[in-house]
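Undergrad: Please model the complete structure; the sequences and the hints are all you need to start from.
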Amino acid sequence: MSNSPSTAPPGGIDYVAVEESPRFVELKTKHRSFVWPLTVVFLVWYFVYVLLSSFATDFMATRVSGDITVGLLLGLGQFVTTFGITMWYVWYANHRLDPIAAEIRDDLERQEGGA
Amino acid sequence: MTSPLDAVKTAIDTVENDPILNISIFGAFVAVTLFIVIRASRNNKTAADYYAAGRSFTGPQNGFAISGDYLSAASFLGICGAIAVNGYDGFLYSIGFLVAWLVALLLVAELMRNTGKFTMADVLSFRLKQTPVRMAAAITTLAVCFFYLLAQMAGAGGLVSLLLGIHEQIGQSIVVAVVGVLMIVYVLIGGMKGTTWVQIVKAFLLIGGALVMTIWVLAINGFSINTLLESAVATSISDPADAILGPGLQYGKNPWDFISLAIALVFGTAGLPHVLMRFYTVPTAKEARRSVVWAIWLIGIFYLLTLVLGYGAAALVGPETIKNAPGGVNSAAPLLALALGGPFLLGFISAVAFATILAVVAGLTITAAASFAHDIYANVVKKGAVPPDGEVKVARRTVVVIGILAIIGGIGVQNQNVAFLVALAFAVAASANLPTIIYSLFWRRFTTRGAVWSMYGGLAAAIVLIVLSPVFWGTETSVFKNTGTAIWPLNNPGIISIPLGFFLGWLGSVVSRSDEDPRKAAEMEVRSLTGHGAEKAVVH
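In the order they appear, the protein sequences are chains A and B.
Here my numbering is used: the first residue of the first sequence is 454, the next is one more, and so on.
Here my numbering is used: the first residue of the second sequence is 84, the next is one more, and so on.
Some hints here could point you the wrong way.
[To be verified] With the Cβ distance kept under 7 Å, some of the chain B side facing chain A (calculated, not the full set):
#1 Leu175
#2 Ile178
#3 Val182
#4 Leu328
#5 Pro330
#6 Ile379
#7 Gly383
#8 Val547
#9 Glu606
#10 Val609
#11 Leu612
#12 Thr613
#13 His615
[Stated by the list, open to error] Okay, the calculated beta carbon distance ranges per label pair:
#14 Ser474/A with Lys466/B: 29 to 39 Å
#15 Asp559/A with Gly425/B: 55 to 65 Å
#16 Arg563/A with Leu301/B: 49 to 59 Å
#17 Ser321/B with Gly530/A: 19 to 29 Å
#18 Ile570/B with Trp541/A: 17 to 27 Å
#19 Thr129/B with Leu496/A: 35 to 45 Å
It is worth saying that the hints were derived from the structure and are not from the lab.
C-beta atoms are modelled at their ideal positions from N, C-alpha and C, and glycine is treated no differently.
TA: Here's what the structure looks like:
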C-alpha cells in the first residue's frame, strides 16, 4: 500500500472508476443476471417438492410403474436438476465470465505494476 | 434371501460383531492418516500454511475434502437408517443436503475465495468496521462449531457401543477421549493440510465402501430398483407395508417441522464455517468453483447410494431387526455390511464411520481455532499487531483447549438426546451467517449495524426458539422428559430465525445514519468478481 494522490486511492487503483467501467458493469450484470434467477428457480423447485412431500402425500405415493412412485421420480429429479444447474453454471462461468474477469484482472495488475 | 438374514440374526444374537477386527481396521486407518499428517506437516510455517494449507490443494482434492467434511456420521448412518425404517422420508431429508450446495456454488464460494484470507469474518469485515463485525462473526462461528462438535463427540460414544461392543459408560468415555486426543494430534501437527488429507482419505473410503455395497445390493436384486423396492416392501413393518414408498412416515405428524428443517438445510450449508474455510485451501476462485462442482457430484452420488443402501438394509436386514439392534436406526448400514460381506466388511464400514467422526471433528476444530486466533486474538484484541508466528501459536493452543472441551463435553452428554445439535448448527449458520455473507457480497448499502444485528439476532433467535421447543419440553424424547409444555411448537427454529436474520440485516442497514466507505465497497466488488489481489498460493 503506497500513499497516493487523490485521484488514485490506497493501492494505486481507483476502484470506484473500475467499478463504473463498462467492462466491469458487463461482468457484474452477466454474473448477477445468471446466478440470481437460477437461484430463485432451484429454490422454488425445491420448496415445491418439499411442500408436495409434506401436504400431497397421496399424490407423491402414486405408483408410476411397479413400485416406482411419483415422489421417487420427483426426488431423483432434484438430483438431475442439481447436477444440470452445476454443469450449466460451470460452462457459463468458464465461457462468459472468466474471460472478462481475466481481462480486467490483467488490466489492474498492469496498472499496479506501472503505478 | 434367507441366508444373509439368518447370518445377521445369529450375529446379533451371539457375538454381535468382532471388536478385535474392528479395532485393527480402525487402527490401520489411524496409522495411515497419522503418517500422512506427519508428512504433510513439514511445510507448516506461516498462518497461510497452517489455516489454509498454503492454498495448495487442487479443486478435485478440495472437493473430496469438502465431501469428507460434509458427509458426517449423522448423514451416513442416520440417512441409511432413516430410509431403512421410514423409507421415502429418509430420502427426502437427504435431498436438502444436496440442493443446498447450489447456494454455495452460485452465490458464495468464488466470491468468498476472492475477498477473504482465512475466515468468514475476513469477508464480512472487508468493507465494514473490523472490531464489531469480526467479534460477531467469530461468536457465531464458534457457536456453530461448538454445537456441531458436541453432536459429533456424543455420536462417537453411541457408535462405540454399536461397533465395538463396548457398552459400559467408562469404556465409551475412554473411546471419546481417544477420538479427542487423535483429533488434537491431527490438527496440532498437520494443520489444515493434515486435516484435509484425513478428509480426502476418509471421503474416498466412505464413498468407495458405499459404492461396493450398493453394487452388491443391486446384484442381489438383479440390478432392478423395482425388485429392490419390492423386497423392501415385503419386509416392511409399516402400515400399510408400501407406505415406505411415499412420504409421511417420519415427518407426516407435523409437516411444518420438516419444512422448517428443509429451510435450515438449504440455507445453512453455505453458512457453515468449516465448509467456508475450505474455499481458502485452493489457489484461485476457479479452483474453488471446481471444488464445489466435485463436492456436488460426490455428495449427490453418495446420497443416491444411500437410497439403495437404505432400502437394501430394509430388504436384507429388516426394519424390525434394525430397530432392535444396539444402535437403533444408526445400525442399518453396519448391519447391511455384515449381511453382505460378513465381519470383515462390517469392520471396514465401522472403521469408516469412526474415521468420519475423526475427520469432521478435526475440520471443526481447526475452523474454531482459526476463528479464535485470527479474528478474536489477532484482529480484535491485538488490533492486527501480532508477530508473524504469534497467531499460529495462539491457534495451536486453542486447538488443545477446544480438544479438551470437546472430550469433556462429549463424555458429559453421553446417553443424552443431542440429535438436535446438528439441526441447531445448521439453523444458526443459516440465520446468522448466510444473511450477512449474502448481503455483504451483493448489497451495496449493507452496513456494520445491519451485519451485527443480523448475526446476533439470528443466533439468539435460533437458540431461544430451540430452548422453547419440544426438543427441551414436554415430550418423551425431550431434554426435560415429559416436563412442562413447549411454547414454540416446532423442533427446528429455521422458519422464523432465518427470515428474521435477513430482516434484521436489512433493518439495521436502513436505520444506519452513516454509510460505509464507498471506495472500500467498490474495491470489494471489483475484487470479488475479478479475483484481483486475491490471496495467492504459498510457494515452497
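Undergrad: Taking the hints in turn, state whether each one holds.
TA: Results of checking the hints against the structure:
At its closest, the beta carbon of Leu175/B sits 5 Å from a beta carbon of chain A; the interface hint therefore holds under the 7 Å criterion. The interface hint given for Ile178/B holds, since its Cβ lies 5 Å from the closest Cβ of chain A, which is under the 7 Å cut-off. A hinted interface residue such as Val182/B counts as satisfied when its beta carbon comes closer than 7 Å to some beta carbon of chain A; here the least separation is about 5 Å, so the hint holds. The closest approach between the C-beta of Leu328/B and any C-beta of chain A is roughly 5 Å, which is under the 7 Å cut-off, so the hint is satisfied.
Evaluation of the Pro330/B hint against chain A yields a held restraint, the C-beta minimum of about 4 Å falling below 7 Å. Evaluation of the Ile379/B hint against chain A yields a held restraint, the C-beta minimum of about 5 Å falling below 7 Å. Annotation: Gly383/B was flagged as interfacial toward chain A, and the flag holds, the nearest CB pair being 6 Å apart, inside 7 Å. A least Cβ separation of about 25 Å between Val547/B and chain A goes past the 7 Å threshold, and the interface hint is therefore violated.
With a least beta-carbon distance of about 4 Å to chain A, the hint placing Glu606/B at the interface is held under the 7 Å criterion. Restraint check, Val609/B versus chain A: the minimum CB separation of about 5 Å is within 7 Å; hint holds. Here the hint on Leu612/B is kept, as its CB sits about 6 Å from the closest CB of chain A, short of 7 Å. Hint status for Thr613/B: holds, given a least beta-carbon distance of 5 Å to chain A, under 7 Å.
Given hint, His615/B at the interface with chain A, holds; its Cβ is 5 Å from that chain's nearest Cβ, closer than 7 Å. For the pair Ser474/A and Lys466/B, the supplied restraint of 29 to 39 Å holds, since their beta-carbon distance comes to about 35 Å. The hinted window of 55 to 65 Å between Asp559/A and Gly425/B holds, with their beta carbons roughly 60 Å apart. At about 57 Å, the beta-carbon gap between Arg563/A and Leu301/B stays in the expected band of 49 to 59 Å.
For the hinted restraint 19 to 29 Å between Ser321/B and Gly530/A, the CB-CB distance of approximately 25 Å keeps it satisfied. Between Ile570/B and Trp541/A the beta carbon distance is about 45 Å. The supplied range of 17 to 27 Å is therefore violated. The beta-carbon spacing between Thr129/B and Leu496/A, approximately 40 Å, falls within the hinted interval of 35 to 45 Å.
In the structure shown, a violation is registered for the earlier hints numbered 8 and 18, in ascending order.
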